[in-house]
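Asks: Residues per chain are reported as follows:
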Amino acid sequence: MLADLIESLAKIVFIFTVNVGVFAPILGWVERKQSAVMQDRIGANRADILGFTAIGLFHSLADAVKLLTKEDFVPANANKFFHTLAPFIALVPAISAFAIIPFGGRYELFGREINLVIADLDVGILYVFALAGLATYGTVLAGWSSRSNWSLLGGLRASAQMLSYEVAMGLSIIGIIIVYGSLRLTDIGAAQENFFRWGIFLQPVGFIIYMTCAIAENKRIPFDIPEAESELVAGYFTEYSGMKFVMFWMAEFLEMVTISAIVTTLFFGAWHIPFVTDAMLLSWFSGFAGPNGAAALAMAVNIAVFFAKVSFFIWLQMTIRWTLPRFRYDQVMRMCWKMLLPLSLINLSITGLVVLLL
Amino acid sequence: MSTTTGLGQSPYSVQVGVPAAVLKAKKVRRRLDLTLWEKLYVAEIVRGLVITSKHFFINMLGFIFPPAGKKRKVFTVYYPEEKLTLPSAYRGRPVLVAHADGSEKCVACGLCEKMCPAHAISIVAAEKAPGERYPARYTLDLGRCVYCGYCEEVCPKEAIVMSDEYQGLAQGDRNLLRFQKEQLLRPEGKVKTRLYFVRRIYSKWNY
Amino acid sequence: MELLIFYAFCVGAVVSALLMVTTKRPVRAAMSLVATMSFLAGLYALLNAHLIAVLQLIVYAGAIMVLFLFVIMLLNIEEKEGKLAKNVFFIQLAGTVVVGILMVAMVVVMNKIGAPVAGAAVDETFGTTKAVGWMLFTKYLLPFEIASVLLLAAIVGAVILAKRRIDNSKA
Ligand code: SF4
Ligand code: SF4
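Residue numbers (this note's numbering), protein chains in the order written: chain A, 25 to 382; chain B, 4 to 210; chain C, 1256 to 1426.
Calculated from the structure, these hints are not laboratory results.
Errors might be hidden in some of the hints.
What the hints assert, rightly or not - For each label pair, taking beta carbons as the anchor points, the in silico distance ranges come out as:
no., chain 1, residue 1, chain 2, residue 2, range
1, A, 369, C, 1402, 12 to 22 Å
2, C, 1314, A, 380, 23 to 33 Å
3, C, 1314, A, 303, 53 to 63 Å
4, A, 298, C, 1413, 20 to 30 Å
5, A, 314, C, 1385, 35 to 45 Å
6, C, 1392, A, 298, 50 to 60 Å
7, B, 191, A, 88, 29 to 39 Å
8, A, 134, C, 1413, 57 to 67 Å
9, B, 179, A, 74, 31 to 41 Å
10, C, 1326, A, 85, 39 to 49 Å
Glycine included, each C-beta is placed from N, C-alpha and C at the ideal position.
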């Protein structure tokens, strides 16, 4: 009992530190720096501590200090309760979605079976969808409660967009679920031990649809019409400042990490290195590290591989964000209902047919 | 237009803009309706991603292994450390040109004072010798100057020219912006390129 | 521990349901309903019905209530509150009657099924996606299909109604 508690606490603390402590602040820096490098610029590099700039990393620190000391502004006519509640509703799903994502395999360490996932739920991926559905409220309430036209329009756009893309996103994932026969992400991850059974080879269309829908769900460019700054100032979080603004900002970045993690798990072999199975890793390491050391090393390799893949997809999302222009609102809606939804339905029926026949 | 920065302390020479020789007209397809291939989006998006990530990786390589001595691909200039050498058409602070002996070329004819649309110049004329005028005081209020360059254009003696100085044009105190003759005098060598430029440009109108 | 969580969810569900009925502001009512749904989902999860819990969140809390909120925000009903005050008595009466009938029906059905055996051992696979799916597509296939046809009819009807309005406005 106690060991269980310690194990899950350790996993929670690990994921929390990686997400909130490492990814969230660093992604702000990555966003600036990567856009700069892509556009033949240099990017933020002036914030320094004792003349030491650390290639601009201190800008995140400066941001944090600035935002924490800012006035927490609530517009005069705003609904104070919901105005305060909205950022929390936006942030909590983003943080807790990572609970079901496996970042490594199942190993025996000192006689205990350790599964590198916080909660191995039977409903698996559906849990993420449930949280994504709840995250919509954060956006919608933020838009509504601010009593500002920009915010309201942003909230309306967000609710319509997120609702629509949730449908196509769900359908695009069903193909993968049919292929691997499980909703459990650990099962799906374990099934991709063989390189040629990676999701991307079995469900390439599903991958494209999921990626598109996920970016739309996260409201990043090219789907950032809810916060289109040229039309709506900042959309649903126009009236937010200080800590509450940071929460929206962090929610966006964490959601990006979650999307990358899900894409990795579903389509890109989760924690596996191509052509290397977990058993092979164990047998290699046990040559010089003993059974426990081998398990620990294999875990470390799993985690490293998993987060390397996650980092790659974060990079890909950033590249997409700094490459494509924003869609128009009607284009966004048409793309969802008239392109992605039929496409995912076709993909689903073909997958079902093939699985049935084989 | 292509210029290079003054080297200063920086190890780089920075190329700004695209050299004129490289600028070529590119053929653009004018049809507005998309082909089926383009309507599929995905391929076109990938094409765009390839272009941007090509820039990303080339620049990343440049950051990790800075190409010594070679031209940088990045356009950003580290301003206080690196400075651009400005094109001679740039109109910075108007300055007075000095003779080799340090005295001003200006003969206090008052044309610039008359011409200045912002009334930035005020001259007190005096005579060194009978018939040889000089400005006893020459005040240029840079708080009023609009950097139009009319003073330079009208001056019969090439005594006032627009330099490439752009630092210190803003001050907290307006009195600091009222420049006296002694602060404005520059040796002729410093403004030579501008002088050549002025001759070339204004000779077109046959003054 | 489990009992504590159960009671917490129960109290939450009842309180937010009451809030939903009593509050005069549409958005507040909608959000209370969302809270009720979430608490219910928690109760389902406690009963080992994880799939139902998650579906409750996705479908009701996630999708349908967002649509409600969307409509409320779009119409900005806030100003119209209190307009129904005239007929409020009849509405209350009708509500009481309907709820009463439902209550009676529920009691009858419950009696027929019989009280659940306290502490009955739950099957290992109970509530898993596989078990629910199996049930849905074998034993309860007909009700399932009928329900989906019903929903389809509703969707088609909505589309037809919406379409006709647009045509009229154009003409
Ligand atoms: S540049 Fe124009 S405004 Fe400035 S001093 Fe000369 S004439 Fe006057
Ligand atoms: S126009 Fe030239 S010569 Fe005449 S006063 Fe001005 S600076 Fe001196």
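Asks: For each hint, tell me whether it holds in the structure or not.
Replies: Outcome of the hint check:
1. A:369 <-> C:1402: 12 to 22 Å: holds (20 Å)
2. C:1314 <-> A:380: 23 to 33 Å: holds (27 Å)
3. C:1314 <-> A:303: 53 to 63 Å: violated (41 Å)
4. A:298 <-> C:1413: 20 to 30 Å: violated (49 Å)
5. A:314 <-> C:1385: 35 to 45 Å: Cβ of residue 314 (chain A) to Cβ of residue 1385 (chain C): about 39 Å, so the range 35 to 45 Å holds.
6. C:1392 <-> A:298: 50 to 60 Å: With a Cβ separation near 37 Å, residue 1392 (chain C) and residue 298 (chain A) fall outside 50 to 60 Å, so the hint is violated.
7. B:191 <-> A:88: 29 to 39 Å: violated (54 Å)
8. A:134 <-> C:1413: 57 to 67 Å: Holds, at about 60 Å.
9. B:179 <-> A:74: 31 to 41 Å: holds (32 Å)
10. C:1326 <-> A:85: 39 to 49 Å: holds (44 Å)
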